[in-house]
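Undergrad: Residue numbers for the sequence shown follow the working numbering, so the first one is 63 and each next one is one higher.
Please keep in mind that the hints were generated in silico from the structure rather than gathered at the bench. You can take every hint at face value.
Below 25 Å or equal to it, Euclidean Cα-Cα: the simulated SDA-like pairs (lysine to any residue) are:
hint	residue 1	residue 2
1	K184	E110
2	K176	A166
3	K169	N141
4	K176	N147
5	K226	T186
6	K226	N201
7	K187	D125
8	K151	S175
9	K230	L194
10	K176	P144
11	K229	D190
12	K169	N120
13	K226	I185
14	K127	A207
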Amino acid sequence: MKKFFKIGLIAALSFTVSIAQANDNEFSLKVKNEKQKSISFLMRNNKEFSFSVFSENNDLLFDQKFKGTAGLTKTYDLNALPEGNYMVKVESGTTVAEYAVKIAYDKAQILTSKITEVIKPKITKVKDLITLDYQVKDNMPIEVAVFNERNDELYSQIFKDRSKLIKKFNIGKADGDSLTFVVKHNNESFTNTIQTR
Numbered sequence: 063m064k065k066f067f068k069i070g071l072i073a074a075l076s077f078t079v080s081i082a083q084a085n086d087n088e089f090s091l092k093v094k095n096e097k098q099k100s101i102s103f104l105m106r107n108n109k110e111f112s113f114s115v116f117s118e119n120n121d122l123l124f125d126q127k128f129k130g131t132a133g134l135t136k137t138y139d140l141n142a143l144p145e146g147n148y149m150v151k152v153e154s155g156t157t158v159a160e161y162a163v164k165i166a167y168d169k170a171q172i173l174t175s176k177i178t179e180v181i182k183p184k185i186t187k188v189k190d191l192i193t194l195d196y197q198v199k200d201n202m203p204i205e206v207a208v209f210n211e212r213n214d215e216l217y218s219q220i221f222k223d224r225s226k227l228i229k230k231f232n233i234g235k236a237d238g239d240s241l242t243f244v245v246k247h248n249n250e251s252f253t254n255t256i257q258t259r
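Starting from the given sequences, assemble the full structure and let the hints guide the process.
TA: Right under this line is the structure:
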């Protein structure tokens, strides 16, 4: 499903009018046309953005990171997705916007939007050492999982009663060209792919 969706997802540049907006008007998301299965993402500045689509079961279906260009729009064709409910997450800096999107009767509809300021984990790579640094405001469990490029789980652990987590990973003998880190805390999920070569 993930590969099929990636192939079917088309990003195009165009201009549009906004409807669902993030704070300070950094970006907005709207249904391109009521009769189409596509959504448009308008960038209002030159920041870095992350655009992700999740299934109703919180499975990551698509993830793209890019440098935004003020005034331009990316349009995503959702025709590869079957009818159902999805979550679109857009991140820029500390702003995370989540949009509940319903696909039914060959059209997409934005049901709700939630825009929050969040504390994201920092993942850095120096030579063969990757460091995960995550500080939170509560002592809720922090779940960390690492996947290779074939989506095989290489590491998984839940850390309890911590407001600060620093975990180091030696990737000197890592197989493949990238590792994907998934960090979950208090109903939030953060994904970051690091190139190992």
